[in-house]
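Just so you know, the protein sequences line up as chains E, B and F, in that order.
What the first sequence shows, in my numbering, is residues 183 to 496, in sequence order.
What the second sequence shows, in my numbering, is residues 673 to 998, in sequence order.
What the third sequence shows, in my numbering, is residues 6 to 347, in sequence order.
Simulated from the structure, these hints should not be mistaken for laboratory data.
It is possible that some hints are incorrect.
To be verified - Taking lysine-lysine pairs in the DSSO-like style, the calculated list, with each CA pair at most 27 Å apart, reads:
| # | chain 1 | residue 1 | chain 2 | residue 2 |
| --- | --- | --- | --- | --- |
| 1 | B | 982 | B | 920 |
| 2 | B | 982 | B | 953 |
| 3 | F | 172 | F | 97 |
| 4 | B | 778 | F | 97 |
| 5 | B | 778 | F | 208 |
| 6 | F | 172 | F | 142 |
All values derive from a computational prediction rather than experimental measurement.
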Amino acid sequence: MIDGEAAGRLLRTMWRIRLFEERVAQLKRTLVVHGLIHLSIGGEGVAAAVCGQLRDDDAVYSGHRAHGHAIAKGAPVDRVMAELMGRVDGLCKGVGGSMHLVDAEHGFMGATGVVGGNLPMALGTALARHLKGTDQVSVVFFGDGAVQAGHFNETINLAALWRLPVIFVCENNGFAEFTSREEHSTIERVSDVVAPYGFARETVNGSDVPAVYEAFGRFLSEARAGGGPFLLECLTYRRRGHYEGDQQRYRDPAAEQEWSERDPIARLTEHCFDDDVAAEIEREAATEIEAAVRFARDSPFADPGIVAELVYAK
Amino acid sequence: MAREIPYIAAVEEAIFEEMGRDDTVLFYGQDVAPSDDHRFVQAYGRDRVRVSPISETAEIGMAVGLGLAGYRPVVELLMAEFMLVAMNQVVNEAPRLRYMSGGQVKVPVVFKAGYGFTAGWAGQHTGSIYGAFMGFPGLKIALPSTPADAKGLMTTAIRDDNPVCYLINYLLVLEHGDVPEGEYSVPFGQAAVRREGGDVTIVATGWTVGRALAAADALAQEGIQAEVIDPRTLNPLDTASILSSVEKTGRLVVVDQGTRHGGASAVIAAEVAEHGFGTLKAPIAQVTALDVTVPYSEPMEAYVLPNEEKIAGTVRQVLGEAPVAA
Amino acid sequence: MKQLDNDRLVWMFTQMLRIREFEERVKRTFEEHPGVIRGHTHLADGAEASIVGSLATLQPGDQLIATYRCHGYPITLGTDTKAIMAEIYGRKDGLCGGYGGSMHLVDPGRGFLGTSGIVGQGIPQATGAAWAAQIRKQNQIVLGFFGDGASKQGAFHESLNLASLWKLPVVYVMENNNYNVATRSEQEDANAAAGEPLSVKAKAYSMPGVTVDGGDPVAVYEAVGAAADRARAGDGPTLVESKVYRLSAHGNIIAPPGVPLHYPEHEAITVFGNREEYEAALRGDPVPRFRARLIEQGVLDPARADEIAQEVRDEMDTAVNFALEDPYPDPAAAARTDYVYA
Numbered sequence: 183m184i185d186g187e188a189a190g191r192l193l194r195t196m197w198r199i200r201l202f203e204e205r206v207a208q209l210k211r212t213l214v215v216h217g218l219i220h221l222s223i224g225g226e227g228v229a230a231a232v233c234g235q236l237r238d239d240d241a242v243y244s245g246h247r248a249h250g251h252a253i254a255k256g257a258p259v260d261r262v263m264a265e266l267m268g269r270v271d272g273l274c275k276g277v278g279g280s281m282h283l284v285d286a287e288h289g290f291m292g293a294t295g296v297v298g299g300n301l302p303m304a305l306g307t308a309l310a311r312h313l314k315g316t317d318q319v320s321v322v323f324f325g326d327g328a329v330q331a332g333h334f335n336e337t338i339n340l341a342a343l344w345r346l347p348v349i350f351v352c353e354n355n356g357f358a359e360f361t362s363r364e365e366h367s368t369i370e371r372v373s374d375v376v377a378p379y380g381f382a383r384e385t386v387n388g389s390d391v392p393a394v395y396e397a398f399g400r401f402l403s404e405a406r407a408g409g410g411p412f413l414l415e416c417l418t419y420r421r422r423g424h425y426e427g428d429q430q431r432y433r434d435p436a437a438e439q440e441w442s443e444r445d446p447i448a449r450l451t452e453h454c455f456d457d458d459v460a461a462e463i464e465r466e467a468a469t470e471i472e473a474a475v476r477f478a479r480d481s482p483f484a485d486p487g488i489v490a491e492l493v494y495a496k
Numbered sequence: 673m674a675r676e677i678p679y680i681a682a683v684e685e686a687i688f689e690e691m692g693r694d695d696t697v698l699f700y701g702q703d704v705a706p707s708d709d710h711r712f713v714q715a716y717g718r719d720r721v722r723v724s725p726i727s728e729t730a731e732i733g734m735a736v737g738l739g740l741a742g743y744r745p746v747v748e749l750l751m752a753e754f755m756l757v758a759m760n761q762v763v764n765e766a767p768r769l770r771y772m773s774g775g776q777v778k779v780p781v782v783f784k785a786g787y788g789f790t791a792g793w794a795g796q797h798t799g800s801i802y803g804a805f806m807g808f809p810g811l812k813i814a815l816p817s818t819p820a821d822a823k824g825l826m827t828t829a830i831r832d833d834n835p836v837c838y839l840i841n842y843l844l845v846l847e848h849g850d851v852p853e854g855e856y857s858v859p860f861g862q863a864a865v866r867r868e869g870g871d872v873t874i875v876a877t878g879w880t881v882g883r884a885l886a887a888a889d890a891l892a893q894e895g896i897q898a899e900v901i902d903p904r905t906l907n908p909l910d911t912a913s914i915l916s917s918v919e920k921t922g923r924l925v926v927v928d929q930g931t932r933h934g935g936a937s938a939v940i941a942a943e944v945a946e947h948g949f950g951t952l953k954a955p956i957a958q959v960t961a962l963d964v965t966v967p968y969s970e971p972m973e974a975y976v977l978p979n980e981e982k983i984a985g986t987v988r989q990v991l992g993e994a995p996v997a998a
Numbered sequence: 006m007k008q009l010d011n012d013r014l015v016w017m018f019t020q021m022l023r024i025r026e027f028e029e030r031v032k033r034t035f036e037e038h039p040g041v042i043r044g045h046t047h048l049a050d051g052a053e054a055s056i057v058g059s060l061a062t063l064q065p066g067d068q069l070i071a072t073y074r075c076h077g078y079p080i081t082l083g084t085d086t087k088a089i090m091a092e093i094y095g096r097k098d099g100l101c102g103g104y105g106g107s108m109h110l111v112d113p114g115r116g117f118l119g120t121s122g123i124v125g126q127g128i129p130q131a132t133g134a135a136w137a138a139q140i141r142k143q144n145q146i147v148l149g150f151f152g153d154g155a156s157k158q159g160a161f162h163e164s165l166n167l168a169s170l171w172k173l174p175v176v177y178v179m180e181n182n183n184y185n186v187a188t189r190s191e192q193e194d195a196n197a198a199a200g201e202p203l204s205v206k207a208k209a210y211s212m213p214g215v216t217v218d219g220g221d222p223v224a225v226y227e228a229v230g231a232a233a234d235r236a237r238a239g240d241g242p243t244l245v246e247s248k249v250y251r252l253s254a255h256g257n258i259i260a261p262p263g264v265p266l267h268y269p270e271h272e273a274i275t276v277f278g279n280r281e282e283y284e285a286a287l288r289g290d291p292v293p294r295f296r297a298r299l300i301e302q303g304v305l306d307p308a309r310a311d312e313i314a315q316e317v318r319d320e321m322d323t324a325v326n327f328a329l330e331d332p333y334p335d336p337a338a339a340a341r342t343d344y345v346y347a
């Protein structure tokens with residue numbers, strides 16, 4: 183169970199992400215947003231429930247499907263939108279794009295385009311915290327597809343061996359790109375893959391926001407007290423294709439129906455809010471997103487010459 | 673008989689047909705034919721066509737093991753940068769095992785990947801990193817720039833008894849072109865003269881071949897006749913054809929989508945500087961990407977890459993018809 | 006798997022002795038003929054029972070891929086020890102013409118597809134060779150050998166997942182000697198740190214994981230044999246953790262040219278000051294242990310055992326002398342493009 187105030191914050195974040203992503207999908211069709219885009223529609227609950235409990239000085243790493251995580255971690259939606267439009271006021275001055283969002287000020291240490299590439303990075307950040315003796319934690323989001331990659335194994339062993347304050351959050355949506363999980367592994371549940379390592383681990387329904395909030399909250403307080411590592415597997419649903427443009431011929435229509443009933447926003451609204459309050463929250467988020475789009479459109483492109491300045495730290 | 677088909681279909685046709693001729697050819701990788709209804713699976717079965725998880729070291733390492741065991745795997749790696757995840761297998765194992773064994777074994781594998789997708793795919797998916805691979809003897813590199821070459825070079829890659837990095841440029845996948853039906857192979861180490869001309873030699877790779885041809889058309893309006901050469905394979909590299917062209921024209925502009933340092937253009941420029949010095953009437957010039965990670969935003973991305981204007985401008989400089997840039 | 010009859014047991018003992026004597030002669034070369042062996046060699050003394058027990062399960066057409074600690078496998082398979090020694094000495098009649106050296110032996114005709122000098126990187130290659138065996142449908146298997154250090158590598162994780170998913174006919178044999186160069190397993194492995202056998206890692210891949218005393222060749226034969234039978238039947242891979250103790254240091258010292266190379270003492274002593282651990286391992290040396298057991302069981306009589314030992318010494322003497330006399334390759338052979346490219 184979560185209290186009213188927390189529920190309100192979560193719903194607001196989820197609507198912010200949902201409307202942001204829907205707007206990005208539209209803008210992609212008219213090429214105002216270009217390139218390779220991966221949307222988190224359906225995954226808002228996990229992003230909000232996890233990041234909403236973290237501080238700016240906790241580090242979050244994410245994969246290629248990172249907009250929701252960045253926004254939930256505190257990246258301003260207007261600067262994320264500007265980044266997706268490649269403008270100078272984007273988080274990364276337009277240099278990174280969707281898969282390479284960074285907002286260091288809010289502890290969003292980066293998305294990555296290479297599946298699982300950020301797992302060992304999260305470990306490094308956790309080690310730094312451990313050495314400094316602070317209670318900051320390191321969180322890394324990844325999908326079920328990343329679990330078969332070698333760096334997952336290497337990272338897991340070290341995290342367990344050194345007992346680092348890192349929380350691995352696996353969004354298991356049952357697909358890696360265009361192939362379903364049973365073509366990738368004989369183990370259905372990601373939390374069972376780490377079973378040999380004695381990790382504290384749990385699997386929750388990613389559409390049940392209070393459940394994610396509660397489970398992550400428990401891991402978080404243990405991590406702050408010096409415990410670790412942890413694996414939280416959230417069963418989620420990827421509403422849209424792997425990337426925008428993916429025809430999704432590989433999906434089963436019955437599964438579609440079943441999961442449309444598991445929209446995290448609809449469920450939280452039904453359980454915790456009356457319609458007027460929920461509608462108001464949605465409207466406020468819509469206003470924010472429209473303002474973000476205007477901000478982004480008004481932002482110019484950077485002078486291309488800046489590329490030479492960004493290669494090396496001075 | 674040739675007919676017009678897109679580049680991407682030509683690649684697939686080569687693999688499909690070659691698998692029909694030689695049942696030691698396998699095809700696998702991420703998202704390769706996950707459905708049993710896919711024509712490759714229907715034709716060749718699950719022994720030879722499989723989908724694999726995101727496990728580059730295993731995917732590429734398995735190819736090495738399959739090669740040692742007498743098979744000819746084609747591994748779909750999707751993007752050239754994903755080979756970096758398994759760098760050891762690509763450069764330290766596959767191309768070195770034959771030599772270290774004193775010639776006892778061979779590793780006949782094809783690493784198929786896309787590169788250069790400069791359409792907003794951003795810093796980690798967009799590079800042209802094959803130049804670095806030229807430094808690993810034993811590893812061949814093919815860069816088809818036309819649909820016909822896409823088919824012909826893939827056929828040769830599969831038949832080659834060595835590891836081959838077969839790289840398709842993602843910007844070319846929908847380009848249509850005449851592709852011969854049936855068995856068709858293009859030899860490695862044989863450059864193609866895409867356009868003849870006597871004033872300057874432009875050597876260009878992959879997608880930049882089209883840019884060079886467009887620049888050549890523009891230059892022709894100014895009375896400059898450029899010869900455009902497409903090496904087609906970087907290893908083996910047809911230096912002889914390049915030198916013979918430079919002997920005719922006296923001027924060389926090398927164009928490549930990769931960076932300036934550690935890239936294909938540096939190797940080609942050095943070969944001509946060393947072996948064709950006496951034929952040169954002007955210094956060699958290179959048109960490459962800037963030495964930066966490819967940025968996401970469209971104007972920045974365009975700024976960083978070679979294009980028709982940069983190529984034409986460099987040709988004019990080399991002909992002494994434009995002031996040398998600061 | 007076949008029952009081990011007396012002849013087979015004596016064969017196993019002989020192979021163990023051959024490996025031991027060969028490795029001793031390699032080690033002695035550093036003292037007796039300094040400068041002859043260059044680079045880095047890694048010896049299998051202490052692992053003989055595990056190597057021979059595993060290879061005793063092979064049938065025609067089976068294959069294996071090993072690590073840089075590779076001398077023991079071709080010795081057991083029957084590769085000419087003169088050629089192996091000459092390869093280690095860098096001579097023209099070496100197994101690989103002097104091109105590979107100690108870490109890169111190969112004998113494809115006997116099923117030894119090769120090695121990798123890089124920890125863990127032979128595992129995916131063995132996995133690929135197993136896919137080939139699966140296609141051939143001749144009930145053949147592949148043995149993939151690696152050390153405990155390799156089990157932390159991504160290559161291990163990726164390969165075991167795939168082999169299990171595709172039910173490949175491979176047996177993964179992890180020779181756990183508790184050290185990864187100078188680091189003890191419990192310093193680098195979460196399972197070892199928790200006091201668990203490393204075979205528990207198999208759980209993450211839905212395959213059986215078994216731990217066996219790698220100092221007992223019969224136990225190894227039975228464990229690997231059961232796994233091989235499983236693989237031949239199409240039921241997929243197994244992880245066999247074979248516990249061994251290497252009796253030499255990880256390898257000879259690493260030093261620039263001009264500094265004489267030699268074998269230091271085992272890391273248990275030089276790094277951890279734990280001489281007692283090492284002495285206990287010496288007392289448990291699998292070679293004399295197996296000899297004593299065969300004699301006690303009446304399979305072998307002491308006189309025959311001594312005879313075999315002498316034959317083995319003679320064989321390795323011949324190997325060393327051959328290799329010392331064999332000329333170096335013509336330097337220009339390095340540029341043979343037909344070895345760079347097939």
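Each hint tested on the structure:
no.	hint	result
1	982(B) / 920(B)	holds (23 Å)
2	982(B) / 953(B)	holds (21 Å)
3	172(F) / 97(F)	violated (42 Å)
4	778(B) / 97(F)	holds (20 Å)
5	778(B) / 208(F)	violated (35 Å)
6	172(F) / 142(F)	holds (13 Å)
Hints 3 and 5 from the list above are not met by this structure, while the remaining hints are.
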